[in-house]
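J.: Letter by letter, the chains look like this.
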Amino acid sequence: MAHFDENAKPFSHKWLDERLAIDTLNRVLSTEYWIPKNINFLWAMGMVLAATFGILLVSGIFLLMYYQPNTSMAFDSVNYTIMSEVGYGWLWRHVHGVGASVVFLIIYIHMFTGIYYGSYKRGRELIWLSGMLLFVLFSAEAFSGYMLPWGQMSYWAGMVITNLFSGGSLHADGLVEWIRGDYVPSQAFLNRFFMLHVLLLPLAIIGGIVLHFGTLRLPHVNNQDGEEFDFEEAAELYKAGKKKESKVIPFKPVFLSKDVFVMGIYFIIFFYLVFYHFEFAMDPVNFDPADGLKTPTHIYPEWYFLWSYEILRPFSTNVGLIAFAIAQVIFFTLPFMDRSPNVAPASRRGLFKYWFWALLVDMIILTFMGKLPPEGIWSTVGLVAALTFMALWILLPIITKNEKKL
Amino acid sequence: MKELKIFGIVVVFTLVLYWGVEPFAHSQMHKHIEGDGFKYSDLKAVTVKGDAKKGEALASACIGCHSINVKSMPAPMDPVASAQAYGVNPPDLSLAGSMLDEKFLVHFLLNPAEVTKSKHFAMPPSASSEQDAADIAAYLKSIAPKEVKPKEAYEFACGRCHANRYGHWTQIGDVPKTKSNIKTGVDLGALEFKKNLGVYQNKLADYMGKLPPDLSIMVRARSEHFLETLVDDPQSQLPGTAMPRVGLNEEGYEKVVAYLDETGDPSAPKRKAVGPWVLGFFLIFTVLAYLWKKSEWKDLH
Amino acid sequence: MSNRRDFMGMALGGFTALGGIAALYAMKRSWDPLPSVKAAGFTTIDLKPAQENVLVVEKWRGKPIFILKQSKEMMAKMKEEDKKRLIEVDGGHYAVCVGLCTHLGCIPGYRPETNDFLCACHGGMYDSSANVTKAPPPRGLDIPPFKIDGTKLVLGETGPEYEKMLADGTTLKV
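So the protein lines, in turn, are chains V, Y and R.
Residues 1 to 406 in our numbering are what the first sequence lists, from first letter to last.
Residues 1 to 301 in our numbering are what the second sequence lists, from first letter to last.
Residues 1 to 174 in our numbering are what the third sequence lists, from first letter to last.
Since the hints were derived computationally from the structure, they do not count as laboratory data.
Owing to the predicted nature of the structure, the values given are computational and were not obtained by experimental measurement.
Mixed in with the good hints, there may be bad ones.
To be verified - Cβ pair distances, simulated, as ranges:
#1 V:ARG339 - R:PHE15: 42 to 52 Å
#2 V:MET390 - R:ALA11: 17 to 27 Å
#3 R:CYS121 - Y:LYS183: 49 to 59 Å
#4 R:PRO64 - Y:ASP206: 40 to 50 Å
#5 R:GLY159 - Y:PRO125: 33 to 43 Å
#6 V:PRO374 - Y:GLY240: 52 to 62 Å
#7 Y:VAL48 - R:GLY159: 42 to 52 Å
#8 Y:GLY64 - V:PRO374: 24 to 34 Å
#9 Y:PRO23 - V:ILE394: 32 to 42 Å
#10 V:MET65 - R:ALA11: 28 to 38 Å
As the list claims (entries may be wrong) - Taking lysine-lysine pairs in the DSSO-like style, the calculated list, with each CA pair at most 27 Å apart, reads:
#11 R:LYS48 - R:LYS63
#12 R:LYS147 - Y:LYS177
#13 Y:LYS44 - Y:LYS117
#14 Y:LYS210 - Y:LYS151
#15 V:LYS243 - Y:LYS298
#16 R:LYS147 - R:LYS63
#17 Y:LYS141 - Y:LYS53
#18 Y:LYS177 - R:LYS134
#19 Y:LYS272 - R:LYS134
#20 Y:LYS146 - Y:LYS49
#21 R:LYS59 - Y:LYS179
#22 V:LYS252 - Y:LYS146
#23 Y:LYS298 - V:LYS252
#24 V:LYS37 - Y:LYS49
#25 Y:LYS195 - V:LYS294
#26 R:LYS48 - R:LYS28
#27 R:LYS38 - Y:LYS270
#28 R:LYS48 - Y:LYS183
Note that the Cβ used here is the ideal one computed from N, Cα and C, for glycine as well.
Extracted from the complex, chain V is given alone in its bound form (with noise of 0.2 Å):
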C-alpha cells in the first residue's frame, strides 16, 4: 500500500517520489545500473546510435511538416521549398540525411562490436536478436525514406526492389502489384511508404529499441574479457567506497560521462560531414526527378546495402533470390551456429580471430563491388566474395565445436 504524506509540498521531491517513485527509478535505471569497469569506446556506441535516432526524428519532424508525399511535388517539396525557403530547411535535410547514412555505419561498428567480444551468448541471446530485428527495422525505415524524394534513384530503387518478391521463376507478379498498390512505382507506393516512414516503423523501432534495453538488463553488459563475474558482488564494494577494487561503474554519472565524451568526438565528425563533405549521402543521381521512362546509367543502393545486394547479382536470378534471403537472416543465427561456449574476444579465439577479420574484409570486398557496374574483373571478384561469405558460415559451425574451452 502505497503512503502518502499529507504534509509534502506539491511537487516537491517527496510528494513527485510517493506518486512516481522517482528515487527508485533513478536508481535502478541510473545510479545503481551498474556496468563493467573493464570497457572501452565502443562500448558507447549504443548510446551514438541512440542520440542519432533522436537527432533523425527531430529533424524529420522539421521535413514532415513541409513535405508533400505527392508523386508531383514530393521532388520540389525538399529540393525548392525545404532548401531554400524554411528557414533552416536546408539544415534538417542535410542532418536528416547524412544522420540516415552514418547510423548504419555506428550500426556496423555496434554488431561487429558484439561478435568480436561475444556478447550474443550465455544470456545475451535476446540482446543479439532483438539488435538484429533493429537492423532490419532500420534498413526498412531507411528504404522507406529513400524513397521520399521522388528522385531517380528513389524510383528505380523502388522498381528493383520491389521486383524481388516476384519471386524468380515463381512470377508472383501480382504480389509485387500488391505490394506497390499499382503496376509501377507511383503515387499509391509514393503514400503508403510515406505512412511506413513516418509512423509505422519509427513506432516498431522504438518498441525495439525498449525491447533491446530490456533483453540487455538481466545478463548486463559484456566487457572487454568476456569475464563473468559477480555484478552483485562488485556493486556492494562501489557502494562501500571501494571503487578502485570494484569491477564495476554506476551508469549515472561514471559510464555516462564517458558516453558523452565519445559522443562529442562522434558529433565533431557528424556536423563535419553534414556541413562541409556529404555527397556521400546525397547521391547526385537522386537530384533528377524520377521518370519512370528512363533507367540511369548507374543505378546502386545506399552503401550500408551494397554487401547483401552484391550476394544477389553475381548469380542466376531463383540462385541469387535464394543467396539473397539466406545473408538477409543468416545474422540471426550467429548465437545458434557459433558452438563454442567461449564468451570472449576473438583474439583469444583460435580460429574465430581469422574468422572474424575474413568476415569483415569480405563484407567491405562485397559493399566494393556492389557499387561497381557488375563488368570484368567486378564481377569475378563480387562471385569470389559472394561464395566466400556463403563459405565462411558454413565454417562457422565446425571452427567453434572444434575451439578450446577457455
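Chain V is already provided as a structure; the job is to place chains Y and R on it using the hints.
T.: Here is chains Y and R on its own, set in the frame of chain V:
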C-alpha cells in the same frame, strides 16, 4: 594505449570503406574527360580584324529573327510563334558579344550547324566571309552591356531551351503573376501562359528530339567538372546529343554557373556561415565532456 | 573531489543548454511563414468597374475584401466622422475593408435596400461605411493596408492615406 589502437583500427576500416564506395567507385563509373577549357582548339584562329561600324550595317539582317534589346530592337515574332517556325526561340543578341568566345562567334556565323556540332541547328550561315563575320562580332562586342546579372546570362545562354522552375523561368519567360476569378477560381492568365508554354515545349521537343531538362538543381545532380566539360563541348560528355555547343567564353560560363548555384544550391552561403559555429560548439563541448569524464573516472583506476 | 565533478558536470550541462537554445531557435525559424507565403500577400484591385451600392468581393491573404462604392444618397446619410473610413479615388468614394465581422469572424451580408451590413451569426450590424452600428462587434470592419495607384488599389502595401487612418484610429492594424 589500447583504446587509441582500437579507435585507429575503426578509423582505418571506415576510411577504406569510404574510399572504395565513393572516390574509387565513381572513378570506375565515370571515365575522366579532360575538356578543352573553352579554348575551342578545333577552330582556327581568326586572322582578320573586325570593324564594328561595318558590322552594324551587316547586323541589320539579324533582326529578321533576333531581338537586340540593348538597342531597343524587338524580335519580329513572339517566342511561341518563333518556336512554331524554327523549333526554338532565337536568343536576344545583347550579350552575344561579351559572353561568347570571339573566335567561336566568327566561325559560328559562317556555319552555325557545324560549329555548334548540332546537325539540325535552325540558324542558317549568316555571314558570307570571315571579314564580314569578324565585323559583326566586333559590333556585337561593342554593344554588349558591361554589367551582366547571372539570371540574364542564363536566359541568353540556356534559357530558350532549358527552363529553371526554381528561378521561376520558363522557355518563354518568367512565370507571370496572375489572379483567379473570385467567383469560379478559374485563373485564365495562368492557363493561357501554360498553354503557350505547352505549345512551345512540344515544338522544342520535336526540334531537339526530347525536351531539354529543367536546370533548377542540375548543379547538385552533376559534378562541377561534368558541367564545365559539357558546356564546353556537349559531344564530349554526351556523344550524339542534340544540345548545341553554345560557344561561351570562360567569364560567360562563370556567370551561368553562378545562376545555377543560385537556384540549385541556395543554402551554400548559409552552410558556410553556420558550419564553423556548430563545429566550434562541439569542440568546446567535447573538451568540457572530457574534463567531466576525467573527474568522474579519477578514483576508479 | 565531488565538487570538481559536479562543477564539470554543471559546466557541461550549461554549455549544452546553450546549444539547445540555438537548436530551438532554428526550429522556431522553420515554423515561420515561408517567404513565398508572405510575398503572396499583395493583391491589386481595380476600382473602376465597381457600381454604386453593389458590393464587390475580392480576396487578399485568403480573406474576403469588401469594396462598396458609395452613392450620393449613401454619402448624404453618412456621419461626418465615418467619411474618414472611405477611400477617394478618381472622384468616387469607396468603403474598402476586410469582410470578416470583428466579433468572431463570420462574413456579414450586405443589404442594398437599407445600405447596411447584417452579420447572421450574432446579429451585428454595420453602416455603408462599414462602421459598427449594432453590437456585438466591438468596432467597424478593419481596413487593410492599401496604396493608391491611379484607379487601382494595391492591398498589402501602405500609402499615406492608410497611414493617416492608422494614426487617427480609424482602423486597427490588420
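J.: Run every hint past the structure and note whether it holds.
T.: Against the structure, the hints come out as follows:
Against the hinted window of 42 to 52 Å, the Cβ-Cβ separation of V:ARG339 and R:PHE15 comes to about 50 Å, which satisfies the hint. For the pair V:MET390 and R:ALA11, the supplied restraint of 17 to 27 Å is violated, since their beta-carbon distance comes to about 54 Å. Separated by about 23 Å at the C-beta atoms, R:CYS121 and Y:LYS183 break the suggested range of 49 to 59 Å. Our hint of 40 to 50 Å for R:PRO64 and Y:ASP206 holds, since their Cβ atoms are close to 46 Å apart.
For the pair R:GLY159 and Y:PRO125, the beta carbons lie near 57 Å from each other, so the given range of 33 to 43 Å is not met. Checked against the given bound of 52 to 62 Å, the beta carbons of V:PRO374 and Y:GLY240, roughly 25 Å apart, lie outside it. The supplied range of 42 to 52 Å is broken by Y:VAL48 and R:GLY159, whose beta-carbon atoms lie about 60 Å from each other. Between Y:GLY64 and V:PRO374 the beta carbon distance is about 54 Å. The supplied range of 24 to 34 Å is therefore violated.
With their beta carbons about 35 Å apart, Y:PRO23 and V:ILE394 fall inside the hinted range of 32 to 42 Å. Distance hint check for V:MET65 and R:ALA11: the Cβ-Cβ separation is about 35 Å, which falls inside the suggested range of 28 to 38 Å. For a cut-off of 27 Å, the pair hint linking R:LYS48 to R:LYS63 stands: about 21 Å separates their Cα positions. Between R:LYS147 and Y:LYS177 the CA atoms are separated by roughly 19 Å; this keeps the pair inside 27 Å, and the hint holds.
Distance check on the hinted pair: Y:LYS44 and Y:LYS117 sit about 16 Å apart at the alpha-carbon level, within 27 Å; holds. Annotation: proposed proximity of Y:LYS210 to Y:LYS151 holds, straight-line Cα distance about 24 Å (limit 27 Å). For the hint linking V:LYS243 to Y:LYS298, the alpha-carbon distance of about 10 Å falls within 27 Å, and the restraint holds. For the hint pairing R:LYS147 with R:LYS63, the CA-to-CA distance comes to about 18 Å; that is within 27 Å, so the pair holds.
A C-alpha spacing of about 12 Å is found between Y:LYS141 and Y:LYS53, which places the hinted pair at or below 27 Å, so the restraint holds. At roughly 40 Å between alpha-carbon atoms, Y:LYS177 and R:LYS134 are farther apart than 27 Å, so this suggested pair is violated. This hinted pair does not check out: Y:LYS272 and R:LYS134 have alpha carbons roughly 59 Å apart, beyond 27 Å. For a cut-off of 27 Å, the pair hint linking Y:LYS146 to Y:LYS49 stands: about 22 Å separates their Cα positions.
Using a Cα cut-off of 27 Å, the hinted pair R:LYS59 and Y:LYS179 holds, with the two alpha carbons roughly 10 Å apart. Between V:LYS252 and Y:LYS146 the CA atoms are separated by roughly 67 Å; this puts the pair beyond 27 Å, and the hint is violated. The straight-line distance between the Cα atoms of Y:LYS298 and V:LYS252 is roughly 15 Å, inside the 27 Å bound, and the hint therefore holds. Restraint check for V:LYS37 and Y:LYS49: the C-alpha separation of about 84 Å exceeds 27 Å, so the hint is violated.
As the CA atoms of Y:LYS195 and V:LYS294 are separated by approximately 26 Å, the hinted pair is consistent with the 27 Å bound. For the hint linking R:LYS48 to R:LYS28, the alpha-carbon distance of about 43 Å lies beyond 27 Å, and the restraint is violated. Our distance criterion of 27 Å between C-alpha atoms is met by R:LYS38 and Y:LYS270, whose separation comes to about 21 Å. Annotation: proposed proximity of R:LYS48 to Y:LYS183 holds, straight-line Cα distance about 19 Å (limit 27 Å).
Against the hints set out earlier in the document, violations occur for numbers 2, 3, 5, 6, 7, 8, 18, 19, 22, 24, 26.
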